[in-house]
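Undergrad: Protein chains in written order, with the numbering used here: chain A, 1 to 137; chain B, 1 to 137; chain C, 1 to 137.
Incorrect hints may appear among the rest.
Unchecked claim - BS3-like cross-link-like pairs, simulated, lysine-lysine; straight-line CA separation at most 25 Å:
{"hint": "1", "chain 1": "A", "residue 1": "Lys44", "chain 2": "C", "residue 2": "Lys56"}
{"hint": "2", "chain 1": "A", "residue 1": "Lys105", "chain 2": "B", "residue 2": "Lys97"}
{"hint": "3", "chain 1": "C", "residue 1": "Lys59", "chain 2": "A", "residue 2": "Lys97"}
{"hint": "4", "chain 1": "C", "residue 1": "Lys56", "chain 2": "B", "residue 2": "Lys59"}
{"hint": "5", "chain 1": "A", "residue 1": "Lys59", "chain 2": "B", "residue 2": "Lys44"}
{"hint": "6", "chain 1": "B", "residue 1": "Lys107", "chain 2": "C", "residue 2": "Lys97"}
{"hint": "7", "chain 1": "C", "residue 1": "Lys107", "chain 2": "A", "residue 2": "Lys97"}
{"hint": "8", "chain 1": "B", "residue 1": "Lys107", "chain 2": "A", "residue 2": "Lys59"}
{"hint": "9", "chain 1": "B", "residue 1": "Lys56", "chain 2": "C", "residue 2": "Lys107"}
{"hint": "10", "chain 1": "C", "residue 1": "Lys4", "chain 2": "B", "residue 2": "Lys4"}
{"hint": "11", "chain 1": "B", "residue 1": "Lys28", "chain 2": "B", "residue 2": "Lys105"}
{"hint": "12", "chain 1": "C", "residue 1": "Lys30", "chain 2": "B", "residue 2": "Lys4"}
{"hint": "13", "chain 1": "B", "residue 1": "Lys59", "chain 2": "B", "residue 2": "Lys126"}
{"hint": "14", "chain 1": "A", "residue 1": "Lys107", "chain 2": "C", "residue 2": "Lys59"}
{"hint": "15", "chain 1": "A", "residue 1": "Lys28", "chain 2": "C", "residue 2": "Lys4"}
{"hint": "16", "chain 1": "B", "residue 1": "Lys97", "chain 2": "C", "residue 2": "Lys97"}
{"hint": "17", "chain 1": "A", "residue 1": "Lys56", "chain 2": "A", "residue 2": "Lys79"}
{"hint": "18", "chain 1": "A", "residue 1": "Lys59", "chain 2": "B", "residue 2": "Lys97"}
{"hint": "19", "chain 1": "C", "residue 1": "Lys126", "chain 2": "A", "residue 2": "Lys59"}
{"hint": "20", "chain 1": "B", "residue 1": "Lys44", "chain 2": "A", "residue 2": "Lys56"}
{"hint": "21", "chain 1": "C", "residue 1": "Lys56", "chain 2": "A", "residue 2": "Lys97"}
{"hint": "22", "chain 1": "C", "residue 1": "Lys44", "chain 2": "B", "residue 2": "Lys56"}
{"hint": "23", "chain 1": "B", "residue 1": "Lys97", "chain 2": "A", "residue 2": "Lys44"}
{"hint": "24", "chain 1": "A", "residue 1": "Lys4", "chain 2": "A", "residue 2": "Lys30"}
{"hint": "25", "chain 1": "C", "residue 1": "Lys44", "chain 2": "A", "residue 2": "Lys97"}
{"hint": "26", "chain 1": "A", "residue 1": "Lys44", "chain 2": "A", "residue 2": "Lys97"}
{"hint": "27", "chain 1": "C", "residue 1": "Lys4", "chain 2": "A", "residue 2": "Lys4"}
{"hint": "28", "chain 1": "A", "residue 1": "Lys126", "chain 2": "A", "residue 2": "Lys79"}
{"hint": "29", "chain 1": "B", "residue 1": "Lys28", "chain 2": "A", "residue 2": "Lys4"}
{"hint": "30", "chain 1": "A", "residue 1": "Lys107", "chain 2": "C", "residue 2": "Lys126"}
{"hint": "31", "chain 1": "C", "residue 1": "Lys97", "chain 2": "B", "residue 2": "Lys105"}
{"hint": "32", "chain 1": "B", "residue 1": "Lys4", "chain 2": "A", "residue 2": "Lys97"}
{"hint": "33", "chain 1": "A", "residue 1": "Lys97", "chain 2": "B", "residue 2": "Lys59"}
{"hint": "34", "chain 1": "C", "residue 1": "Lys97", "chain 2": "B", "residue 2": "Lys56"}
Unchecked claim - Label-pair restraints from in silico Cβ distances:
{"hint": "35", "chain 1": "B", "residue 1": "Pro122", "chain 2": "A", "residue 2": "Asp136", "range": "29 to 35 Å"}
{"hint": "36", "chain 1": "B", "residue 1": "Ser94", "chain 2": "A", "residue 2": "Asn25", "range": "44 to 50 Å"}
{"hint": "37", "chain 1": "C", "residue 1": "Phe53", "chain 2": "A", "residue 2": "Asp52", "range": "32 to 38 Å"}
{"hint": "38", "chain 1": "A", "residue 1": "Asp136", "chain 2": "B", "residue 2": "Lys59", "range": "23 to 29 Å"}
{"hint": "39", "chain 1": "C", "residue 1": "Pro129", "chain 2": "B", "residue 2": "Lys105", "range": "45 to 51 Å"}
Just so you know, the hints here were simulated from the structure itself, not pulled from any lab data. Just so it is clear, the structure is predicted and the values come from calculations on it, not from any experiment. Beta carbons are placed, not taken as given, at the ideal position from N, Cα and C, and that holds for glycine.
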Amino acid sequence: MLYKSTENYLFRLPEGDDLIEGLVNFAKQKEILTGVIFAIGAVKDVVLAYYDFEEKRYKEIELDGTYELVSAIGNISVKEDNIFVHLHTTVANSQGKIYGGHLMKAKVVVAEVLIEKMIGNPLYRKLQPNGLYLWDI
Amino acid sequence: MLYKSTENYLFRLPEGDDLIEGLVNFAKQKEILTGVIFAIGAVKDVVLAYYDFEEKRYKEIELDGTYELVSAIGNISVKEDNIFVHLHTTVANSQGKIYGGHLMKAKVVVAEVLIEKMIGNPLYRKLQPNGLYLWDI
Amino acid sequence: MLYKSTENYLFRLPEGDDLIEGLVNFAKQKEILTGVIFAIGAVKDVVLAYYDFEEKRYKEIELDGTYELVSAIGNISVKEDNIFVHLHTTVANSQGKIYGGHLMKAKVVVAEVLIEKMIGNPLYRKLQPNGLYLWDI
Numbered sequence: 001m002l003y004k005s006t007e008n009y010l011f012r013l014p015e016g017d018d019l020i021e022g023l024v025n026f027a028k029q030k031e032i033l034t035g036v037i038f039a040i041g042a043v044k045d046v047v048l049a050y051y052d053f054e055e056k057r058y059k060e061i062e063l064d065g066t067y068e069l070v071s072a073i074g075n076i077s078v079k080e081d082n083i084f085v086h087l088h089t090t091v092a093n094s095q096g097k098i099y100g101g102h103l104m105k106a107k108v109v110v111a112e113v114l115i116e117k118m119i120g121n122p123l124y125r126k127l128q129p130n131g132l133y134l135w136d137i
Numbered sequence: 001m002l003y004k005s006t007e008n009y010l011f012r013l014p015e016g017d018d019l020i021e022g023l024v025n026f027a028k029q030k031e032i033l034t035g036v037i038f039a040i041g042a043v044k045d046v047v048l049a050y051y052d053f054e055e056k057r058y059k060e061i062e063l064d065g066t067y068e069l070v071s072a073i074g075n076i077s078v079k080e081d082n083i084f085v086h087l088h089t090t091v092a093n094s095q096g097k098i099y100g101g102h103l104m105k106a107k108v109v110v111a112e113v114l115i116e117k118m119i120g121n122p123l124y125r126k127l128q129p130n131g132l133y134l135w136d137i
Numbered sequence: 001m002l003y004k005s006t007e008n009y010l011f012r013l014p015e016g017d018d019l020i021e022g023l024v025n026f027a028k029q030k031e032i033l034t035g036v037i038f039a040i041g042a043v044k045d046v047v048l049a050y051y052d053f054e055e056k057r058y059k060e061i062e063l064d065g066t067y068e069l070v071s072a073i074g075n076i077s078v079k080e081d082n083i084f085v086h087l088h089t090t091v092a093n094s095q096g097k098i099y100g101g102h103l104m105k106a107k108v109v110v111a112e113v114l115i116e117k118m119i120g121n122p123l124y125r126k127l128q129p130n131g132l133y134l135w136d137i
């Protein structure tokens, strides 16, 4: 729960990568088990999601075309022995109209990313009664 | 104005807590007088606000139901001898439609929070001519 | 690409400043060539933009009046020997309706800013085939 962050990474993900997969791969390569993520840029063919707590499943919202990636805030932790990226984003179209939610997938057009590695005990996600994998604290 | 941040907290607030109160209580417990806050998750029964600078008061926007907490960015400082949390949030419904503003209150469904404690001179809020309590710098 | 952030600045920009110019001037004064920016507050007479990758130019969205600055996430790097601020923002009106995109300009009403200076090799932007100046990495 208490962390030091002495390693910060500022980088771009290559065009065409899936944003979530690109972040997971970066975290694996740098051995980041726990961290925080911020990003801005542009993305296309976005799938956002809203978690329905009654039905215990995500409802997906598909957005075709290219959008500004206005905000991406998230974290890195461990879920079933894998590095897991949890990212919430807002995206805007050419009129400044905005959509938001839990990010399922998006193709990178431009992604300027900050990852702060958190030094301390790794955070683990465990399945909870509400159907979500949450930090077990 | 210049701070070091050697203590970072990653944690969840319990379901049912008021988001702002939960953050204030955490800051009190950890003796964080100055810090920054980022959070994602899900919230319900949200009250956002827009400050009307002509009338010098907040106008509230009530949102019933459950929303993705898409972004929460804010800070911790001292207002009239109390720890004060200032948080701006965007929330999204099941269609990805989004609302935003100054957060008055919201019930936590899931809240994954990062607080970076800022080590340095505490920041104090003082009442300004525009009716807001702002950092006195 | 790997940075330490031992200097963090929490401050307010004065009312009436252009938000981007105010951040650039602060970075110049503190000799911050590479950094990350987060801000909340209120702004007026906002110009957001959407980059059209086919036409290789920004399309501007003008928003008159005063808005909550709900999120501002961005970074500082070097573009053609100048300090360059890249900032994406969401802003909300009195109904909580929100607009977002790449920030061209906005007048500060209130701006509570965090800048984390990144200690390491400065990040440089170079013109890319898509018409944007991006980190050359």
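Undergrad: Decide, hint by hint, whether the structure agrees.
TA: Now the hints, each set against the structure:
1. A:Lys44 x C:Lys56: holds, 16 Å
2. A:Lys105 x B:Lys97: holds, 18 Å
3. C:Lys59 x A:Lys97: Holds - the C-alpha atoms of Lys97 (chain A) and Lys59 (chain C) are around 13 Å apart, at most 25 Å.
4. C:Lys56 x B:Lys59: Since the Cα atoms of Lys56 (chain C) and Lys59 (chain B) sit roughly 40 Å apart, the hinted pair is violated (cutoff 25 Å).
5. A:Lys59 x B:Lys44: Roughly 17 Å separates the two Cα atoms, so the pair holds.
6. B:Lys107 x C:Lys97: With a Cα-Cα distance of about 21 Å, the restraint between Lys107 (chain B) and Lys97 (chain C) holds, given a limit of 25 Å.
7. C:Lys107 x A:Lys97: holds, 21 Å
8. B:Lys107 x A:Lys59: Satisfied, since the Cα-Cα distance of roughly 21 Å is no more than 25 Å.
9. B:Lys56 x C:Lys107: holds, 19 Å
10. C:Lys4 x B:Lys4: holds, 11 Å
11. B:Lys28 x B:Lys105: At roughly 18 Å apart (the allowed maximum being 25 Å), Lys105 (chain B) and Lys28 (chain B) satisfy the hint.
12. C:Lys30 x B:Lys4: Satisfied, since the Cα-Cα distance of roughly 15 Å is no more than 25 Å.
13. B:Lys59 x B:Lys126: holds, 21 Å
14. A:Lys107 x C:Lys59: It holds: about 21 Å lies between the C-alpha atoms, which stays within 25 Å.
15. A:Lys28 x C:Lys4: Holds, at roughly 20 Å.
16. B:Lys97 x C:Lys97: At roughly 10 Å apart (the allowed maximum being 25 Å), Lys97 (chain C) and Lys97 (chain B) satisfy the hint.
17. A:Lys56 x A:Lys79: holds, 18 Å
18. A:Lys59 x B:Lys97: Within the cut-off at roughly 13 Å; holds.
19. C:Lys126 x A:Lys59: Violated, at roughly 40 Å.
20. B:Lys44 x A:Lys56: holds, 16 Å
21. C:Lys56 x A:Lys97: Holds - the C-alpha atoms of Lys97 (chain A) and Lys56 (chain C) are around 20 Å apart, at most 25 Å.
22. C:Lys44 x B:Lys56: Status holds; Cα separation ~16 Å.
23. B:Lys97 x A:Lys44: This hinted pair holds, its Cα atoms lying about 18 Å apart.
24. A:Lys4 x A:Lys30: holds, 16 Å
25. C:Lys44 x A:Lys97: holds, 18 Å
26. A:Lys44 x A:Lys97: OK: Lys44 (chain A) and Lys97 (chain A) at ~15 Å, within 25 Å.
27. C:Lys4 x A:Lys4: holds, 11 Å
28. A:Lys126 x A:Lys79: Holds - the C-alpha atoms of Lys79 (chain A) and Lys126 (chain A) are around 7 Å apart, at most 25 Å.
29. B:Lys28 x A:Lys4: holds, 20 Å
30. A:Lys107 x C:Lys126: The given pair, whose Cα atoms are some 22 Å apart, holds under the 25 Å limit.
31. C:Lys97 x B:Lys105: Holds, at roughly 18 Å.
32. B:Lys4 x A:Lys97: Violated. Lys4 (chain B) to Lys97 (chain A) sits at ~37 Å, over the 25 Å cutoff.
33. A:Lys97 x B:Lys59: Distance of about 23 Å is within 25 Å: holds.
34. C:Lys97 x B:Lys56: The given pair, whose Cα atoms are some 20 Å apart, holds under the 25 Å limit.
35. B:Pro122 x A:Asp136: 29 to 35 Å: With Cβ atoms ~33 Å apart, the hint holds.
36. B:Ser94 x A:Asn25: 44 to 50 Å: Violated, since Ser94 (chain B) and Asn25 (chain A) (Cβ atoms, about 31 Å apart) do not stay within the stated range.
37. C:Phe53 x A:Asp52: 32 to 38 Å: holds, 34 Å
38. A:Asp136 x B:Lys59: 23 to 29 Å: For Lys59 (chain B) against Asp136 (chain A), whose Cβ atoms are near 40 Å apart, the range 23 to 29 Å is violated.
39. C:Pro129 x B:Lys105: 45 to 51 Å: holds, 48 Å
When the structure is compared with the earlier hints, violations turn up for hints 4, 19, 32, 36 and 38 and for no others.
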